[in-house]
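These protein sequence lines map, in sequence, to chains A and B.
Going by my numbering, the first residue of the first sequence is number 210, and it counts up by one from there.
Going by my numbering, the first residue of the second sequence is number 43, and it counts up by one from there.
For the record, the hints were derived by calculation from the structure and aren't laboratory data.
There's no promise every hint is true.
[Claimed, not checked] When the alpha-carbon atoms are kept at most 27 Å apart in a straight line, the in silico DSSO-like pairs for lysine-lysine are as follows:
id	chain 1	residue 1	chain 2	residue 2
1	B	K349	A	K307
2	B	K301	B	K328
3	B	K404	A	K307
4	B	K404	A	K296
5	B	K119	B	K227
6	B	K119	A	K302
7	A	K302	B	K227
8	B	K328	A	K296
9	A	K259	B	K404
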Amino acid sequence: MKKIASALLLSAIAAAAVPASAAEIVVIVSKQNPATRMFSEQASQFFLGKSNLFTPVDQADGSAIRNEFYHKVADKDAAQVKALWSKLVFTGKATPPKEYPNSAEVKKAVAADPKAIGYIDKSAVDDTVKVILTLP
Amino acid sequence: MKKHLLAAAVLAATAALSAQAGVLDDGNLSISGFGTVGVAQSNTDDVKFARYNQADGVGNSARIGLDTNLGLQATYKINDWLSGTAQVLTRKATEHSFTTDLTWAFLKARINDEVSVRVGRVVVPTFLISDYQNVGYANTMMRPPIEMYGQAPIENSDGADINYQHAFGDLNFTAQAFAGVSRGKLFVSTGAGSTATYRAPARGISLAGEYGPFLLRVAHARADMEINDIQPINALTNTLTSVGFGQLASDITFSTGKKIAFTSIGGTMDWNNVVGQAEYAQRRAKDKVYLPDTNAWYAMLGYRFGKVLPYYAHASAKGAGSSITAPAALAKIPALNAGVANLLTSAEQTTDIVGVRWDFAKQLALKVQVDRVKPGAKSGLLINVPAAGYTKDVTVVAAGVDFVF
Chain A
210 MKKIASALLL SAIAAAAVPA SAAEIVVIVS KQNPATRMFS EQASQFFLGK SNLFTPVDQA
270 DGSAIRNEFY HKVADKDAAQ VKALWSKLVF TGKATPPKEY PNSAEVKKAV AADPKAIGYI
330 DKSAVDDTVK VILTLP
Chain B
43 MKKHLLAAAV LAATAALSAQ AGVLDDGNLS ISGFGTVGVA QSNTDDVKFA RYNQADGVGN
103 SARIGLDTNL GLQATYKIND WLSGTAQVLT RKATEHSFTT DLTWAFLKAR INDEVSVRVG
163 RVVVPTFLIS DYQNVGYANT MMRPPIEMYG QAPIENSDGA DINYQHAFGD LNFTAQAFAG
223 VSRGKLFVST GAGSTATYRA PARGISLAGE YGPFLLRVAH ARADMEINDI QPINALTNTL
283 TSVGFGQLAS DITFSTGKKI AFTSIGGTMD WNNVVGQAEY AQRRAKDKVY LPDTNAWYAM
343 LGYRFGKVLP YYAHASAKGA GSSITAPAAL AKIPALNAGV ANLLTSAEQT TDIVGVRWDF
403 AKQLALKVQV DRVKPGAKSG LLINVPAAGY TKDVTVVAAG VDFVF
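Bound-form chain A, shown alone:
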């Protein structure tokens, strides 16, 4: 756990050191997914449990990229997102997105599932996934 945290911290510092564009978050889907573009409001629907059309894949709880993502697509902090999900979970309406420890693992999970949607650091993108939205 601490290793993950320090790795995240290191990558955050690294991201801050390089030009701002390298810290961009991109929303990705599988190559098999027919979607080509998406607005951030649409993307947030899947991560806030409002639509089941895509299956969201999340970054680690407490990670910098996760906090930044929810802030950018929904203007919500981690506690607000948690409260929202606790409504859905404890009424048996939905289960929260599965979490993966880093962008590489998220990318792998998204690549393997045509219905999955995830978000990763732009620098982690390769041709196994398709970028449908870039968050400035």
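Got chain A sorted already, so can you dock chain B onto it with the hints?
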């Protein structure tokens, strides 16, 4: 005894937590939980303040029973479209100690991306927050306003529900319909207090539209309440029958099953740090029964300063008449006439609430809330009231920590 039970529940939760982190987590089983550790106190021992259907209220000494609860939930994903969920909830309800109930247990089948069906014990969405009213962390306020949530005793039913979800552009529409049989206990606060058992075939529908940070919801539910053992009512109807008012007695009683309808409209918003929640509901008897018709509403407004969210709310419950008119001949027996008239009158109450929620740590929220309760007719919704009634304002101070895991 109470403390032992709670400690056991907390231990069980901790065990479940570590089990989840270990062998049980095969990716298909998820165990989660929620709870509140709270303490509350009022400014008087003349009456007690309680949540709806609670046998023990709080008076002028600190008590943990008002808001403290613990819920544990397990979901097992059988395959892509089928899952099973069970939830148990420990709290102080109709007994004088903490009890644990199976709040729901159902199999959920995902028919497609927009439709799912649940079969088993499912939650009944009578009002806006009915289905998450026990999850403190999911709510802004410390507890659901009793003026509104005291109108309906039904929390779950054994049957089925269907959920439909569709996006019309930026508008997210959800519909839920349910049918089943609800069973449960009711705390009857009259006299020394007693419990009654109800059985109620119930059905209803709820429609909600969500547009960005705004949600609007309308719902209607009907229940055919059958209760045989409300002791004070049975005593009254026996007396009425014995003195020749058999028709009035059969109008008053719940023992033959009486239809009650609940209609509500409510909404929530979380817009630019302004957090709001408001609701209006009516309870109407569709058969002749002693239970008075009621109108209730509440409105809450808060503002989020980062992690700190202060809020104010006002809640009101008022009578809206009775389905029964006592026969004129009853006036010849003044004591009985007055008793029936009192029974057919609704309790009325308003409350002003100020509070603050502070999300001070991950998955933890601290709440402090002050309720200023103004009892109206029939001593409002307070319990253990003196025979002469109670009309003075009651102040209730509560603090608690809500958690989810």
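Results for each hint:
Restraint check for K349(B) and K307(A): the C-alpha separation of about 26 Å stays at or below 27 Å, so the hint holds. Distance check on the hinted pair: K301(B) and K328(B) sit about 5 Å apart at the alpha-carbon level, within 27 Å; holds. About 18 Å separates the Cα atoms of K404(B) and K307(A), which keeps this hinted pair within 27 Å; it holds. This hinted pair checks out: K404(B) and K296(A) have alpha carbons roughly 16 Å apart, not beyond 27 Å.
Of the supplied pair hints, the one linking K119(B) and K227(B) is violated, its CA atoms being roughly 32 Å apart against a limit of 27 Å. The straight-line distance between the Cα atoms of K119(B) and K302(A) is roughly 13 Å, inside the 27 Å bound, and the hint therefore holds. For a cut-off of 27 Å, the pair hint linking K302(A) to K227(B) stands: about 26 Å separates their Cα positions. A hinted pair counts as satisfied when its Cα atoms are at most 27 Å apart, and K328(B) with K296(A) does not qualify at roughly 32 Å.
With a C-alpha separation of about 23 Å, the suggested pairing of K259(A) with K404(B) holds against the 27 Å cut-off.
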